[in-house]
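Novice: The task is simple: from the sequences and hints, build the whole structure.
2 protein chains.
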Amino acid sequence: MDNKDKSEYRIDYFLSAGECNAQSVIPLPMLVQRVIEVSTMHANSVDIGYSRLHGLGMAWVLSRISLEMTRYPGINENFSLVTWVETINRHFSERNIEVIDGEGKTIGYARTIWVAIDMGTRRGADMSVFMDDVVKSDRLCPIARQPKLPAVDEPDMVKVHQFQYCDIDFNRHVNSTRYVDAILNQWGVEFFDHNMVRRFDIAFMAETHYDDVIDVKLKNTENCSNVELTRNGKACCRARIAFENI
Amino acid sequence: MDNKDKSEYRIDYFLSAGECNAQSVIPLPMLVQRVIEVSTMHANSVDIGYSRLHGLGMAWVLSRISLEMTRYPGINENFSLVTWVETINRHFSERNIEVIDGEGKTIGYARTIWVAIDMGTRRGADMSVFMDDVVKSDRLCPIARQPKLPAVDEPDMVKVHQFQYCDIDFNRHVNSTRYVDAILNQWGVEFFDHNMVRRFDIAFMAETHYDDVIDVKLKNTENCSNVELTRNGKACCRARIAFENI
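So the sequence lines, in the order shown, correspond to chains R and B.
Just so we're aligned: 173 in numbering that gives the first Met the number 0 is position 174 of the first sequence, and the numbers increase by one with no gaps anywhere.
Just so we're aligned: 137 in numbering that gives the first Met the number 0 is position 138 of the second sequence, and the numbers increase by one with no gaps anywhere.
It should be emphasised that the hints constitute simulated quantities derived from the structure, not laboratory data.
Take the hints with a grain of salt, since some may be wrong.
Given that identical chains are not distinguished, each listed pair holds provided it fits within a single copy or across any two copies.
Below are the SDA-like pairs computed for lysine to any residue, each with C-alpha atoms no more than 25 Å apart in a straight line [what the hints assert, rightly or not]:
no.: 1; residue 1: Lys135; residue 2: Pro149
no.: 2; residue 1: Lys158; residue 2: Asp211
no.: 3; residue 1: Lys104; residue 2: Ser50
no.: 4; residue 1: Lys5; residue 2: Asn75
no.: 5; residue 1: Lys135; residue 2: Asn75
no.: 6; residue 1: Lys233; residue 2: Glu206
no.: 7; residue 1: Lys233; residue 2: Val188
no.: 8; residue 1: Lys104; residue 2: Tyr164
no.: 9; residue 1: Lys158; residue 2: Tyr209
no.: 10; residue 1: Lys5; residue 2: Lys218
no.: 11; residue 1: Lys233; residue 2: Ile142
no.: 12; residue 1: Lys3; residue 2: Asn75
no.: 13; residue 1: Lys5; residue 2: Ile74
no.: 14; residue 1: Lys3; residue 2: Phe13
Only a predicted model underlies this, so the values are computations on that prediction, with no experimental measurement involved.
Specialist: Next comes the structure, spelled out in structure tokens:
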């Protein structure tokens with residue numbers, strides 16, 4: 000890994016057997032974790048990371064991810080994530096990620112949107128104090144921008160789920176990857192033997208906490224599946240999945 | 000990382016904020032994952048890993064872990080895991096792990112026991128075909144050996160838990176780290192603000208699968224908490240936790 004060019008950051012990974020899911024590839028929640036990780040490391044490396052924001056009474060919060068994969072890394076495969084910032088303004092930052100396999104071939108992309116929140120008010124903070132330190136890149140990200148995700152008003156299926164201790168992150172709210180777990184758990188293990196997640200869009204709308212009980216609502220349409228997580232009827236997260244038959 | 004000495008294997012990690020738990024340190028399930036990972040990488044590096052065993056119709060299965068920590072790595076901390084094999088025979092292998100902080104100070108140890116299973120019968124396989132390739136180390140592991148873990152016959156509390164898609168690993172059974180989740184989830188987030196897991200012992204006794212419903216039984220004693228996971232009354236996993244007031 001050579002991260003001298005400040006406009007990009009790359010991490011090389013090796014996928015061990017024990018990390019893989021039932022289909023012997025990287026679990027989607029772990030890939031989301033890696034996307035968050037490479038983004039965090041890039042921000043840290045140019046001093047707009049956790050430490051500096053903590054000093055400013057702020058924290059980075061992931062608002063949206065859209066991920067599109069042609070295939071997923073499998074057991075004993077090397078893969079890499081490269082990230083760069085497409086835009087940053089006072090209110091949010093668009094950061095993209097390329098997923099590359101061990102032979103250097105692109106196998107997917109992610110688009111993410113991050114906001115900085117004020118730790119006191121838990122509301123959006125003004126990022127102008129540090130946004131000039133960000134080196135943007137004009138590298139292209141060929142996948143479509145984040146769509147508007149609909150509410151699920153007439154679900155085909157609703158599961159009730161309660162978040163527990165291991166779901167909680169350092170901000171004392173539910174870890175983003177545990178929302179992804181809750182969404183994928185709408186289906187069974189055999190469904191994923193025949194259906195690959197080709198594109199996954201998720202928007203984090205409201206924080207949930209330890210012990211919170213949520214409804215996970217699923218609505219299948221012709222081209223995709225929409226999922227909404229609600230607490231007391233209020234949306235905390237919406238997602239859309241486009242599956243591909245395999 | 001310099002892994003020229005075949006009798007040891009080391010991986011250096013950086014703990015990003017997004018990986019941390021509610022107490023802003025590495026989650027125990029993730030530390031267990033790292034213990035599995037460094038063990039896997041060491042085995043791969045001396046060609047007794049997933050690939051070779053797969054060719055022999057075998058797979059490594061983790062049977063026991065005992066972990067003792069004086070402290071856990073926190074946000075933005077570097078830490079390393081070093082592993083070595085203490086013993087190997089036809090039936091099992093004892094592998095130890097040292098956890099080192101960014102300043103080179105030992106902060107914990109783990110003892111693990113691994114068995115190879117025959118993928119057809121799912122029973123223990125004879126490891127004599129490859130055990131001579133293992134370079135053992137006489138490095139010491141100062142924590143006590145794995146104890147015998149008792150059944151929990153008269154629990155103080157029982158929670159029912161159902162394993163779902165995201166809990167399943169490449170062997171199509173429940174991922175070891177998800178047992179750790181289920182065990183820790185017996186307590187709430189505030190309990191862990193005041194109680195650190197000083198020592199954690201776990202024995203994996205029977206495989207569980209997608210959709211399996213288990214009872215998680217907890218019995219507190221003066222010095223520790225015993226947990227047993229049972230499916231249809233049969234033990235699949237037992238654990239013991241010694242907490243320390245913090």
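Novice: Please flag the earlier hints that this structure goes against, numbers listed from lowest up.
Specialist: Checked against the structure, the hints that fail are numbers 1, 8, 10, 11, while the rest are satisfied.
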